[in-house]
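S.K.: Chains as they are written, first to last, in my numbering: chain D, 2 to 326; chain Z, 2 to 326.
By construction, these hints were calculated from the structure, which means they are not laboratory data. Do not rely on the hints blindly, as some may be mistaken.
Same chains, same names: a pair is fine if it fits in one copy or spans any two.
As the list claims (entries may be wrong) - The calculated DSSO-like cross-link candidates involving lysine-lysine, where the alpha carbons are at most 27 Å apart (straight line), are:
1) Lys322 / Lys108
2) Lys300 / Lys248
3) Lys69 / Lys154
4) Lys108 / Lys31
5) Lys69 / Lys31
6) Lys108 / Lys248
7) Lys201 / Lys31
8) Lys300 / Lys245
9) Lys201 / Lys248
10) Lys284 / Lys69
11) Lys245 / Lys284
12) Lys300 / Lys154
2 protein chains.
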Amino acid sequence: MEVYAGVDVGGTNIVCGIVSSAGEVLHTIKRPTESSQGPEAVLERIAVMIEDTLQIIMDQTSSIVEIKAAGIGLPGLVDPEEGIARFSGNLGWRNLPAVNWLQNRLKLPVFIDNDVKTYVYGEAMYGAGQGTRHVLGVTVGTGIASAMVNDGKLFYGFRNMSGEIGHIVMDGLDDRCPCGLQGCLETYASASGMVRQAKKLILAGERSILRDWFEGDRLAELSAADLSRAYDQGDSLAIAVLEKAGKLLGRALSYAVSINSPEVIIIGGGGALAGERLLGPLKQELLQHILPDYREHLKVVPAQNNDEAGVTGSAMYAKEKYSSL
Amino acid sequence: MEVYAGVDVGGTNIVCGIVSSAGEVLHTIKRPTESSQGPEAVLERIAVMIEDTLQIIMDQTSSIVEIKAAGIGLPGLVDPEEGIARFSGNLGWRNLPAVNWLQNRLKLPVFIDNDVKTYVYGEAMYGAGQGTRHVLGVTVGTGIASAMVNDGKLFYGFRNMSGEIGHIVMDGLDDRCPCGLQGCLETYASASGMVRQAKKLILAGERSILRDWFEGDRLAELSAADLSRAYDQGDSLAIAVLEKAGKLLGRALSYAVSINSPEVIIIGGGGALAGERLLGPLKQELLQHILPDYREHLKVVPAQNNDEAGVTGSAMYAKEKYSSL
Chain D
2 MEVYAGVDVG GTNIVCGIVS SAGEVLHTIK RPTESSQGPE AVLERIAVMI EDTLQIIMDQ
62 TSSIVEIKAA GIGLPGLVDP EEGIARFSGN LGWRNLPAVN WLQNRLKLPV FIDNDVKTYV
122 YGEAMYGAGQ GTRHVLGVTV GTGIASAMVN DGKLFYGFRN MSGEIGHIVM DGLDDRCPCG
182 LQGCLETYAS ASGMVRQAKK LILAGERSIL RDWFEGDRLA ELSAADLSRA YDQGDSLAIA
242 VLEKAGKLLG RALSYAVSIN SPEVIIIGGG GALAGERLLG PLKQELLQHI LPDYREHLKV
302 VPAQNNDEAG VTGSAMYAKE KYSSL
Chain Z
2 MEVYAGVDVG GTNIVCGIVS SAGEVLHTIK RPTESSQGPE AVLERIAVMI EDTLQIIMDQ
62 TSSIVEIKAA GIGLPGLVDP EEGIARFSGN LGWRNLPAVN WLQNRLKLPV FIDNDVKTYV
122 YGEAMYGAGQ GTRHVLGVTV GTGIASAMVN DGKLFYGFRN MSGEIGHIVM DGLDDRCPCG
182 LQGCLETYAS ASGMVRQAKK LILAGERSIL RDWFEGDRLA ELSAADLSRA YDQGDSLAIA
242 VLEKAGKLLG RALSYAVSIN SPEVIIIGGG GALAGERLLG PLKQELLQHI LPDYREHLKV
302 VPAQNNDEAG VTGSAMYAKE KYSSL
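Looking at chain D on its own, in the form it has when it is part of the complex (with noise of 0.2 Å):
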């Protein structure tokens, strides 16, 4: 049996799959990152969940699997081209040439890409996208960023810098972002954007739901999923908190359809588990900004594989790679 390997690297965690040629998840293992051992030890880290994840599937199967190529997908700026991680802030990494360490180590064809485009990758042509040509991906968690498949193909943009709209400046907001800038879209719309303008507004004296929930210090527990709870029960700070951001992405979102005319916008990531309570909001806005041609066509779904779309798009990116070696 001929199967890819894909990895997903987080800033916590490291998610490595073994899948088949078809797209299918055969088995994955998830271990702690711990970058703070540097990057050397990540890498290590990596080979040898490959290695462990693909022994697990031969004792499962009583068969030899071959591994033709492994996918990683990594956080931050990342040179495809030259397999050379370029930066990122979460891992401490910087100039790191990846796939030259990898491929000597695992005697494998290896390919990396930023996390967020390996995983929209596997989302528009293994999951929520499949049959379409024109993928827009946007991945609502910490951060907020997109990425394009056009028939197949991953977007890139100069230095691969394209699906930052988590940094659109947005009017009407004026946080300051840790990037620089003031209003970003995810300073407010991020899963930990939502959570923290929550915050504030407890802080702040609103009455919610929320403040009986996490009195006093717990405050700092507060997450995401909360907000969707406090929501469920008709909290208006919740709503007021789920629709405001829903309605920033739609915005936002508004902007990259009439630039990109994409066929479907896939919305992924941790904060999409709000479901309907962001998504609404997200689609009325949307739909209200962008020309009737494009109203009429355009879907807005969640993310099928939300879980195993790193590790699929991973995966499925190194096996297109390979494939056209």
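Since the structure of chain D is provided, determine the placement of chain Z on it from the hints.
M.R.: Coordinates of chain Z only, in the frame set by chain D:
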């Protein structure tokens, strides 16, 4: 000698040129479009113009010149794959099989595309974008539209409907747009938008040298070029309109940069003739609203072959399509 024909079809005029393989325009002619005579009359005029231009070149050079293929840039919604002009309000065309008709008539390979796409293709490959890999082009004319060329390939999106940057709804604008939306970028920042805004301010009683230049009914004659003239005399109304238009363009372009990461932005079309009067505030606003990484590398430049870029672009677009047949 092997050459390509490039045709730029506008609502008022058709410009036809013969272009060398290297992108050099050998000769152009211009005739009125007269679309009121119906689509077949316009297609026949295009065919005759290609034949006439070729004849002129052959007479001039006293040699046999062979047109390998013809490229036609058409306004409105074009399906280049099917060779059909889907919709053009300007020309009154709907689902016209232009490629089929012209190929039968001319016995030549013919390729069509949207005129902004062929124009930006010409500028990206043979004009201000030469030597760069990721180009975003914007035409500021009666409306505002955009197109992208990445590694020599035009970006299309679903149904070839990318590039509607002029219909991004901007905060703070409230004019109705004929498209049905309210506050579209082009209601203010297009050449005709700027003229309309200036007239509105004059009629509202604002002081301006333009009041003296265009008394009473003559106000209808006010053009974008007059705004530049008044600007140069220090007229506060003209300065305010051009600055606001530039800022709006800059802000909308900041969205495009964050989403697509172009390496260079080319500003073309009639409105670009305002030069730094428009580009100054545009660049300032744009650079203030993008990530530092973009700011360091992004170039914003005026179109190089503003007049002939449509012809060069259509011809070289045909060359590219013909070569990849």
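S.K.: All hints, please: hold or fail.
M.R.: A quick look at each hint next to the structure:
With identical chains, the CA atoms of Lys322 and Lys108 are at most 27 Å apart within one copy only, with a shortest distance of 16 Å there and 40 Å across copies. In this assembly of identical chains, the alpha carbons of Lys300 and Lys248 lie at most 27 Å apart only when taken from the same copy (17 Å versus 32 Å across copies). Proximity of Lys69 to Lys154 under the C-alpha cut-off of 27 Å is restricted to the intra-copy arrangement: shortest distance 20 Å within a copy versus 30 Å between copies. Taking identical chains as interchangeable, the C-alpha atoms of Lys108 and Lys31 lie at most 27 Å apart only when both belong to the same chain, with a minimum of 22 Å there against 62 Å between chains.
Taking the shortest Cα distances, Lys69 and Lys31 sit within 27 Å of each other inside one copy (21 Å), while across copies they are farther apart (58 Å). Taking the shortest Cα distances, Lys108 and Lys248 never come within 27 Å of each other, neither inside one copy (48 Å) nor across copies (53 Å). Proximity of Lys201 and Lys31 under a CA criterion of 27 Å is satisfied in neither setting, with 34 Å inside one chain copy and 63 Å between copies. For a Cα distance limit of 27 Å, the shortest separation of Lys300 from Lys245 inside one copy, 21 Å, qualifies, whereas the shortest one across copies, 34 Å, does not.
With identical chains, the CA atoms of Lys201 and Lys248 are at most 27 Å apart within one copy only, with a shortest distance of 19 Å there and 32 Å across copies. Neither within a single protomer nor between protomers do Lys284 and Lys69 lie at most 27 Å apart by alpha-carbon distance, with minima of 41 Å and 48 Å respectively. In this assembly of identical chains, the alpha carbons of Lys245 and Lys284 lie at most 27 Å apart only when taken from the same copy (12 Å versus 30 Å across copies). In this homomeric assembly, Lys300 and Lys154 come within 27 Å of each other (Cα to Cα) both inside a single copy, at 20 Å, and across copies, at 26 Å.
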